[in-house]
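Student: Sequence:
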Amino acid sequence: MPRVLAVMAIWPLATMAHASPVLPPIWSDGAVVQADRPILLWGKAAPGEALTVTLGERRGRGVADKDGRWKIALAPLPAQATAMTLTVTSADGVRAVANDIVVGEVWLAAGQSNMEFPIEYADEGYDAFIEINAPQIRFFVVEKHQSLTPQEEARGVWVKLTPRSAPKVSAVGFFFARELMMRTGRPVGVVQASYGGTPIEAWTPRETIEAGDYDSDARSAWQDALDREIKERRDAAALLKARWEAALPGMRGEELMAFSPGEWPAQTSTARMATVLYNGMLHPLLPYAMRGMLWYQGETNRPDGARYRSKLAAFLNALDQRWGGHRPVGIVQTAPYAWPVGGDPQDVPLQWQGQAEVAASRPNTGLIPTLDIADRRDIHPRRKRFVGERLAWWATNRVYGLDAPAYTGPMLRSISRVDVGYRITFDHASGLRNRAGGAAVAIELQGVDGIWQPAEAAVDGDGLIVDDRTAPGAIRYQWRRDAQPDLVNAAGVPAWPFQSKLP
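Numbering (mature numbering (1 follows the signal peptide of the UniProt record, and there is no 0)), first residue to last: -19 to -1, 1 to 484.
Check before you lean on any hint, since a few could be wrong.
Said to hold, decoys possible - Using 27 Å as the maximum straight-line C-alpha spacing, the simulated BS3-like pairs for lysine-lysine come out as follows:
id: 1; residue 1: Lys149; residue 2: Lys125
id: 2; residue 1: Lys52; residue 2: Lys125
id: 3; residue 1: Lys125; residue 2: Lys141
It should be emphasised that the hints constitute simulated quantities derived from the structure, not laboratory data.
Work the whole structure out from these sequences, hints included.
Tutor: Structural data, given as structure tokens:
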């Protein structure tokens, strides 16, 4: 693409210190503040400026540092739907104001295209949004932004859900928010940070990439891109200096473009590059108090499914470190799909196993199955209501301690020898049954020759009995890319695929 140098006639004004307090976009009209958590406000002002912040009954004071940045903490507020005004006032009376602020539950909804998937294309989505008038459900949709270095500000605006505004927001986020508001009685804010076709590496901080289980190519690509970016910015600064005096007399207060010949030697930043979405879309959000995160991502990492566990764990641990403590996380299973033949046929099941192991290793981490809502012909299943509502049921039950329907399905707990073979037990398995009816469930057993053979297991209470005395070495259930929801609990939620050695 052509190399472009943009010079603004008002550049000197842009470099001046802020003469009045400024709030970041996430602290703007219509914001939802997390209830019962300390409130951190931040922004810019003139260096050394004394500031007073008021939000409802809360008041705080602070001073901008030498770079004009300020942070002021306020005591927690209880949930309330009555709108408040946020005011930041300088010593000379200049104010920054954000109106219509409510206090409730704030959740980060992040991931790739299945999180980004809008209501207007979801099954039941049209009926849901065409009649909606839910001013207490609000979305802050983070603009897509890639950066090689951590940014201070996330671009976007808060919107209340109406038939006009709702169609473009995340369907999963919407159905989650609607159900959570109904069950908690609180306003709900969803901070949507999603970008289709992106790997988990793009959402991960640099320090984690450098220290973790990542390809050397991912690390070197990031460093090469950063080196190019630094060189090009230095070149641009030198070119600006050389051309400034010649360009200035012809300026008329309008934007002028100067084109230098040649092509960029390489693209310096793409959404799939390690760290760029963390830097541009997640890092600026971290100071904002939120209850937890909904994570729907993994399709782009499918070819390397065996390493998804370590990458997901490292990503979540990195966020915990930056949040200053653990946050609840709802992990959505990457949906089954008829992937083209090729690669490792176990890549998707291994990714599912990684998701399950990470969820089991962390407190307040939910696992949301999707085997029963998938479209094997479309990697973007349209039945997003079930995903959003299951996330809300998990949060209602596990985070808020309230009653809610079952949000997850049977999960392998143990395998033991019995007289006729093996007994398999599960968690979340009350009312275990074959979804299609009948007492048998299809499984596979691995013989001493290493070959997997089809077999059957009989439902026995909340477990399975495998009648086999040939001493197989391992067992697996739906261990394939297009897994089917054969085994379900009383709520109809499907079991998680598994593979395990036999005792």
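Student: All hints are to be evaluated individually against the structure, with a verdict given for each.
Tutor: Going through the hints against the structure:
1. Lys149 / Lys125: holds, 14 Å
2. Lys52 / Lys125: Holds, at roughly 25 Å.
3. Lys125 / Lys141: Status holds; Cα separation ~20 Å.
In summary, the structure agrees with every hint in the numbered list given earlier.
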